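K.L.:
Protein chains in written order, with the working numbering: chain C, 9 to 304; chain F, 460 to 763; chain B, 15 to 135.
Rather than coming from a laboratory, the hints here were simulated on the basis of the structure.
Given the structure is predicted, the values throughout are model-derived calculations rather than measurements.
Misleading hints may appear alongside valid ones.
Stated by the list, open to error - Calculated lysine-lysine pairs in the DSBU-like style (CA-CA distance at most 35 Å, straight line):
| id | chain 1 | residue 1 | chain 2 | residue 2 |
| --- | --- | --- | --- | --- |
| 1 | C | Lys218 | C | Lys64 |
| 2 | B | Lys16 | F | Lys752 |
| 3 | C | Lys105 | C | Lys132 |
| 4 | C | Lys106 | B | Lys102 |
| 5 | F | Lys607 | F | Lys673 |
| 6 | B | Lys16 | C | Lys106 |
| 7 | C | Lys64 | F | Lys673 |
| 8 | B | Lys102 | F | Lys607 |
| 9 | B | Lys16 | C | Lys132 |
| 10 | C | Lys106 | C | Lys132 |
| 11 | F | Lys673 | F | Lys752 |
| 12 | C | Lys105 | B | Lys102 |
| 13 | F | Lys752 | C | Lys106 |
| 14 | F | Lys461 | F | Lys673 |
| 15 | F | Lys752 | F | Lys461 |
| 16 | B | Lys16 | F | Lys673 |
| 17 | C | Lys132 | F | Lys673 |
| 18 | F | Lys607 | F | Lys461 |
| 19 | B | Lys102 | B | Lys16 |
| 20 | F | Lys607 | C | Lys218 |
Said to hold, decoys possible - If you anchor each label on the Cβ, the simulated ranges turn out as follows:
| id | chain 1 | residue 1 | chain 2 | residue 2 | range |
| --- | --- | --- | --- | --- | --- |
| 21 | B | Pro54 | F | Asp694 | 27 to 33 Å |
| 22 | B | Pro54 | F | Pro493 | 24 to 30 Å |
| 23 | B | Thr120 | F | Gln582 | 29 to 35 Å |
| 24 | F | Pro551 | C | Ala279 | 48 to 54 Å |
| 25 | F | Asp694 | C | Ala289 | 56 to 62 Å |
| 26 | C | Phe67 | F | Glu702 | 21 to 27 Å |
| 27 | C | Gly89 | F | Glu590 | 31 to 37 Å |
| 28 | C | Ala279 | F | Pro489 | 45 to 51 Å |
| 29 | B | Arg123 | F | Asp694 | 50 to 56 Å |
| 30 | C | Gly89 | B | Gln110 | 34 to 40 Å |
| 31 | F | Gly632 | B | Glu111 | 18 to 24 Å |
| 32 | F | Asp546 | B | Thr47 | 37 to 43 Å |
| 33 | C | Phe67 | F | Asp694 | 30 to 36 Å |
| 34 | B | Pro54 | C | Lys132 | 33 to 39 Å |
No residue lacks a Cβ here, since even glycine has one placed at the ideal position from N, Cα and C.
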Amino acid sequence: MIIAVASGKGGTGKTTVATSLALAAGGSRHAPGSDPVDVLYLDCDVEAPNAHLFLKPTFQQHREVGILIPDVEETLCTHCGRCAEVCQYHAIAVLGKKTLVFPQLCHGCGSCTRECPEGAIREKLNVIGALEHGSTAEGVEFRRGVLEIGEPMAVPIIRQLKTWLPARPGQLVIRDSPPGTSCPVVETVRGADFLLLVTEPTPFGLHDLKLAVAVAAELAIPVGVVINRDGLGDQRVDDFCTEVGIPILLRIPFDRRIAEAVSRGQALVTALPEYYPQFEALLEQITRAVPERGRL
Amino acid sequence: MKQLVVLSGKGGTGKTCVTASFAHLASSGPDPIPVVLADADVDAANLELVLQPRLLETHPFRGGSVAVIDLGLCEGCGTCASVCRFDAILEPGMDGTLAYAVDPIACEGCAACMYACPSAAIQMQPQLAGEWFHSESRYGLLFHAALKPAQENSGKLVTLVKQQARLSALDSGAELVIVDGPPGIGCPVISAISGASLALMVAEPSAAGMHDLKRVLDLAAHFRLPALVCINKADLYPQGAAEIVAGCLERGVEVVGEIPFDPLMTEAMVQGEPVTAYRPEASASLALVEIWKRLRVQLQDGKV
Amino acid sequence: MKLILSTTSAGLDASLDPRFGRCAYFLLIDPQTMEWQSLPNPALHSGGGAGVQAAQLAANHQCQAVVSGEFGPNAFDALAAAGIDMYKYGALGSVQEVIEGYLAGTLERVQGPGNAGHHGR
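The task is simple: from the sequences and hints, build the whole structure.
P.N.:
Dropping the structure here:
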């Protein structure tokens, strides 16, 4: 089963919730007789990854990741301009007697390479970031992607993070999403069995929650909500969820102790173990909500 | 005419509330300056919720294109699927698909399938990806946008919003454009940075906040954009705030103020007002007034 | 002989626009005959590639030189590859002043990209 944790609005507590869910599912604190779940945590917020601060994995593998960009062999190039004609992103242009490539505009689609009538273009890897793999002291498997500073495109890294080293059968995959509702979030959420939306009970939280719910509808994925910092805001998020029939699966009241723990880089359930049962219950509710074929 | 862009790296540090307060402070007080506002966080645009502007104009935004397969011409050869690198071609037999089709959400608009199709059965169709708006708030004109959910945010709409704000400011003689930036460091942020004179990073003194502050400061340095830092919710984790101050000192970045955690800031947001207008005597408001004064000095002294 | 200037509006009395890829208009002008044409910038709202498109436009119109406030790295590389000279507006304030400066040889030549750009290294 794959659970994506997103929000729309930044800073609502996605990583706080996702990491505690991972620890509650996969950690050693289980009722006697119940086995911990095999958990794989994917930190898909490749622009600003933070989950490693809470789960503290030991990294065992590091791999460069990139986009295949054109490499033009000038001796074969006739400067016909076909490559520039097919490129939708102005990433390759013929100017004067040279064919120039602009790597950061390139999406790696391969059209220019295929369309070149002289076969003058090969592809080479343009590194834009890295993938890392490790595991935590509690036995949670951890992977993340990191975008290089100055590189614009997060989506290719997220795409490759999802397929690098496939998940084990029966493994619970938790995908920690970036903020927003556009392509990096869509790439993270696409293919998940359940979308858990973490929100705050404020106008900003509500506004962006509605957008995130629309993303879930576009992708036809079942949705549930966690209200974080409950009590600091108003009723409107609650009313919206009731109105559209979205279950509120967990409420975390505003608590300075939680804010301080998160500030220190300590997972919520580690600082306040009384929350373990609530996150275990959250997982149970999600499992029941996912159609048969998606279950653990 | 200068451009101030408000960034953070990490989401939820308070960029929008801080931007709204600056808009209010810019247009009030003993030395007001005309400003134009731009909300560059186009897939989660919140600035209008605290500025409560009057909408003047709405415009459609056509993003990229997506491929569309004409089943009347399609021979079912599957070449499109073999060239698509974005898993955007649905093949017959997959999940109830009866014929080759394009998944418009996955499609990146590269047209590789169109060029490869031996039956010329594929066309690229421009997409209505969202809308942009020209509004009027109490504190100045606001340019903002709403990207449709699940759309590609390549920075194009961000660029358009900022361009409109910039042209409006040039026309009206406004001295400053204040840009409410998106979280992260990818293309929407890079587009938000374009043309900026100065960046203000709104930092949060948490482990995650500090980690992401470093990344966004590195990004500003990469683009040679001068940056200043203010720390929001500073007293929630004083060790964190001290670490940020020390780290900035080491990097040669100035910290222009610290805003205490203040429930009145959330209350003001719920009421739809900048906190400096809602409760000028709130501790957050007093801190913001000082920060704004220091920003004015930086923007005026010609260094940025 | 043709120059291209980046401007904020059409016509000879347009204000100079300091940003090459993102200007509203391009003014094509022959400084000897003063024959001119204003073209709206097709790349005004491009997410990326504005500099490249602008350079392509200059090359397509067989311009010998471009004058603007600053050139991003993509535009710089593209114009250099096309063999098109680059000059800066500096403190000049009007199209007329720029033309006079060009003819007198007093315009400041651009040696490298003016900023780190936003869609390229």
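K.L.:
Against the structure shown, which of the earlier numbered hints fail to hold, in ascending order?
P.N.:
Checked against the structure, the hints that fail are numbers 2, 8, 9, 13, 16, 21, 23, 25, 32, while the rest are satisfied.
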